[in-house]
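*Asks:* Chains as they are written, first to last, in the working numbering: chain A, 1 to 219; chain B, 1 to 476.
If you're looking for bench data, these hints aren't it; they were derived computationally from the structure.
Keep in mind the model is a prediction, meaning the values are calculated, not measured.
We treat Cβ as the ideally placed atom computed from N, Cα and C, and that holds for glycine.
Certain hints may be false.
[What the hints assert, rightly or not] If you want the ones that stay clear, here's a sample from chain B, every Cβ over 10 Å from chain A, calculated: (1) T106; (2) P117; (3) G118; (4) T122; (5) G207; (6) K216; (7) F228; (8) R261; (9) I264; (10) L268; (11) Y270; (12) E272; (13) Y290; (14) M301; (15) Q350; (16) E362.
[Said to hold, decoys possible] Among chain A residues calculated to face chain B with C-beta under 7 Å, some are: (17) L108; (18) L127; (19) L130; (20) E131; (21) E216.
[To be verified] In silico BS3-like pairs for lysine-lysine, Cα to Cα no more than 30 Å straight-line: (22) A/K45 to B/K385; (23) A/K58 to B/K411; (24) A/K80 to B/K241; (25) A/K171 to B/K456; (26) B/K241 to A/K58; (27) B/K275 to A/K116; (28) A/K171 to B/K286; (29) B/K411 to A/K86.
Below are the chains, spelled out letter by letter.
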Amino acid sequence: MANILVVEDEVAIADLIAMNLKLVGHSAYQVNNGNEVMNDIAAHKPDLIILDVMLPGKDGFELMKEIEPLHIPVIFLTAKEELTDKITGLKLGADDYMVKPFEILELLTRIETVLKRYRTSGRVFKLGNLEVRLDEHIAFLSGEQVELTTKEFMLLELLIRNKNIALSREKILESVWDFDYMGDTRTVDVHIQRLRKKLDLNDRIKTVFKMGYRLEVPR
Amino acid sequence: MKFWQKAYLCVIVIFLISFDAVTYLSVIRSYSLSRSETYMTAENECYVIQSSLDTRISNASSLYKELNVDNLKMYIEPYANYYEKQKIYMELYYNDSLVYSNFPSTLDKRPELQINPGQKSTLTRTADGVSYFFITGYLPKPYSNTKFVYIKDVQPLENFRNEIVYHAILSSAVVFIILSILLLIMLLKLTAPIRKLNQGAEEIAAGHYQKRVEIKSRDEIGELALNFNKMADSVETHIEKLSDLTANRQQFINNLAHEMRTPITAILGYGESMKYANLSEDERMKAIDYIISQSERMKSMAGKLMELTNLTHENIHFEKINLESITEHVVASLSQNILEKQIEIIKSFQKEEILGDKDLIESLIQNLVENSIRALPDKGKIEIKTFREDNRIVLSIEDNGIGMSENDISKVFEPFYRADKSRSRAYGGAGLGLALCKTICDLHGADIHVTSQANKGTRFEIKFTTPLHPCDKSEK
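Chain A extracted, bound-state conformation (with noise of 0.2 Å):
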């Protein structure tokens, strides 16, 4: 999907990162060193860019100043939790601006949301006959359009957007419906039932024992 630059100089960090994103379906590359960042932009062209503010070299600011006339997006990821670094950061043109430590599923979310804000062209997503319009809430199988509730089309869309990674029920409840839902978690159930039906998706969206459902994708 799309083309992310890690720049963290704590490697442990960055390998996580790279690992999530690599699960969803981004490709995603690494830098621990300020100086090197410039020249990796030239090289590699991202699409977007998560970046540490402490950096051995150049730091994160002065980095987000060089960036900031190429309009790539860029997520500020970093131990720094003060207002007046967030302020900075924000104000310096970063399109968000995260904590750590960080929960891996609102990294992704917050990367979905930026990304979406940037991208021209419609997202389309594809598996074997199945094909999703993200930005149409129209889904196609073998060519002929399955007609899906918004509801269906929500969880639809957050199981494609965190592939690999499993959902609690709780989690699904939370995203797709509201905070305040009264239903339960047999809701979830119910929708993931009719997804997998109407879509032809048995084998993709697994029961994970214990935890929820998960959409498993090639890689």
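Starting from the known structure of chain A, fit chain B onto it as the hints suggest.
*Replies:* Showing chain B alone in chain A's frame:
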């Protein structure tokens, strides 16, 4: 009540009482002097008039056998007319019946007349608002049935008394007003420094510890102000120390929280991924490796923190230790890292023993050697030596690694400080090693110095105080 108000009231009360008492006494004295003088004169006059009258009557009685009312009237009239101008009046009674009177006022009762033959009375009475002095007496024999009354107007005496009382009250009032004004000005001026001091104290109490009072006088208040300022200095110094200490603590805690953040993020992230994500076997292994290594990093940090906070005089044990054998032991324990980086270790020892805690000195040397290893590129060089300098044993550990800037050197012993701005762990460590070294040296009464040049290398030098006598514990 304020001090100046109390002082004002005391002075005013004491002064007024004494001033008025003195004035009163002098008024009384002066009045009684004038009165006795007036009365004396009156009695003299009375005597002279009475004698003349007596002489005249006795002279006349040689002409007339009998004394009658008309004669008496005739005799007294010239005197009476003469003295009337001086406001002296006379009355003459013959056998208790009035013969003559030129007294202008009328009186109902005449107590001054109630005297026995041969007696004399003096009396002051008021008639029609005017004071009169009465002297009553009988003429000498053979005319003892004739009573002579001398009446003198003594109103001027009363007027004089009223006048001096009026003046006394007036002067007392004037003095009171002038004194009050002067006293108030003086008291307010004298107590001004106290108010200033008070104001200063209030401001300091409100937290403006840098505030001082400016009082230049050399009296007790000046001294008090001086001592007060000294006290404020000492308070300010202590407060500063305290807030520095708190700031250091806060910094320490912030650093600690920051240091914990990376391993926690990694462990949490890999753990979550393993739970939810559809990972390949390779990815799974990688995640587990990271979880283990990051946990170890936290464990080592916790260990060093514990060591750092538990280091006190109570739990260190001094014994004779050999620096060379400890160094050998440390190098052996780090041999894997040394081999990996192909580091050359040069050792040169003078056989010296010192008194110290074996475990702590080992930890000290280990931290310094680890520090050097981290700073070194592959095939670097570490030189460890001991020698004597100014009768002190010196342990020196020197490397030719990346070195540090001058700014870093000053902070290198602060907990969590790392020369690398990004706090990169590429070279490992939590930044606690050197803080620990400093504490260990302090406990041994040893001085630790660092000299370093960027890209040339770093040299740590520990000077132990005296070879076999650790510093007196009581000094610390």
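*Asks:* With reference to the structure, classify each hint as holding or not holding.
*Replies:* How the hints compare with the structure:
1. No Cβ of chain A approaches the Cβ of B/T106 within 10 Å, the least distance being about 110 Å, so the stated non-interface status holds.
2. At roughly 124 Å, the least C-beta separation between B/P117 and chain A is larger than 10 Å, which holds for a residue marked as non-interface.
3. At the 10 Å boundary, the C-beta of B/G118 stays outside the reach of chain A, the nearest C-beta of that chain being 122 Å off.
4. Its beta-carbon lying about 108 Å from the closest one in chain A, B/T122 satisfies the requirement of being farther than 10 Å from that chain.
5. Residue placement check: B/G207 keeps its beta carbon more than 10 Å from all beta carbons of chain A (closest about 26 Å).
6. For B/K216, the non-interface assignment is confirmed: its Cβ lies about 47 Å from the closest Cβ of chain A, beyond the 10 Å cut-off.
7. The non-interface label for B/F228 is consistent with chain A: the shortest C-beta to C-beta separation is roughly 41 Å, beyond 10 Å.
8. At the 10 Å boundary, the C-beta of B/R261 falls inside the reach of chain A, the nearest C-beta of that chain being 5 Å off.
9. Residue-level check failed: B/I264 sits 5 Å from the nearest beta carbon of chain A, not beyond 10 Å.
10. Its closest Cβ contact with chain A, about 6 Å, brings B/L268 to no more than 10 Å, contrary to its assignment away from the interface.
11. Non-interface call for B/Y270 relative to chain A: violated, since the shortest CB-CB distance, roughly 6 Å, does not exceed 10 Å.
12. At roughly 6 Å from the closest C-beta of chain A, the C-beta of B/E272 falls inside 10 Å, breaking its exclusion from the interface.
13. A cut-off of 10 Å between C-beta atoms contradicts the statement that B/Y290 is not in contact with chain A; the least separation is 5 Å.
14. With a least CB separation of 15 Å from chain A, B/M301 remains clear of the 10 Å interface cut-off, as annotated.
15. Non-interface call for B/Q350 relative to chain A: holds, since the shortest CB-CB distance, roughly 40 Å, exceeds 10 Å.
16. Against chain A, the non-interface label of B/E362 holds: every CB pair exceeds 10 Å, the least being about 30 Å.
17. Because the closest C-beta pair between A/L108 and chain B is about 11 Å apart, greater than 7 Å, the hint is violated.
18. Annotation: A/L127 was flagged as interfacial toward chain B, and the flag is violated, the nearest CB pair being 14 Å apart, outside 7 Å.
19. About 18 Å separates the beta-carbon of A/L130 from the nearest beta-carbon of chain B, more than 7 Å, and the hint is not met.
20. At a threshold of 7 Å, the smallest CB-CB gap from A/E131 to chain B is about 22 Å, leaving the interface hint violated.
21. Look at A/E216: its Cβ gets to within about 6 Å of chain B, closer than 7 Å, so that hint holds up.
22. A distance of roughly 53 Å separates the Cα atoms of A/K45 and B/K385; the hinted pair therefore is violated under the 30 Å criterion.
23. About 22 Å separates the Cα atoms of A/K58 and B/K411, which keeps this hinted pair within 30 Å; it holds.
24. Between A/K80 and B/K241 the alpha-carbon distance is near 28 Å, which keeps this suggested pair within the 30 Å criterion.
25. Restraint check for A/K171 and B/K456: not satisfied, since their Cα atoms lie roughly 55 Å apart, outside the 30 Å limit.
26. Only pairs whose Cα atoms come within 30 Å are accepted, and B/K241 paired with A/K58 is rejected, the gap being roughly 36 Å.
27. Restraint check: the Cα-Cα separation between B/K275 and A/K116 comes to about 28 Å, which is no more than 30 Å; the hinted pair holds.
28. With a C-alpha separation of about 27 Å, the suggested pairing of A/K171 with B/K286 holds against the 30 Å cut-off.
29. Of the supplied pair hints, the one linking B/K411 and A/K86 holds, its CA atoms being roughly 27 Å apart against a limit of 30 Å.
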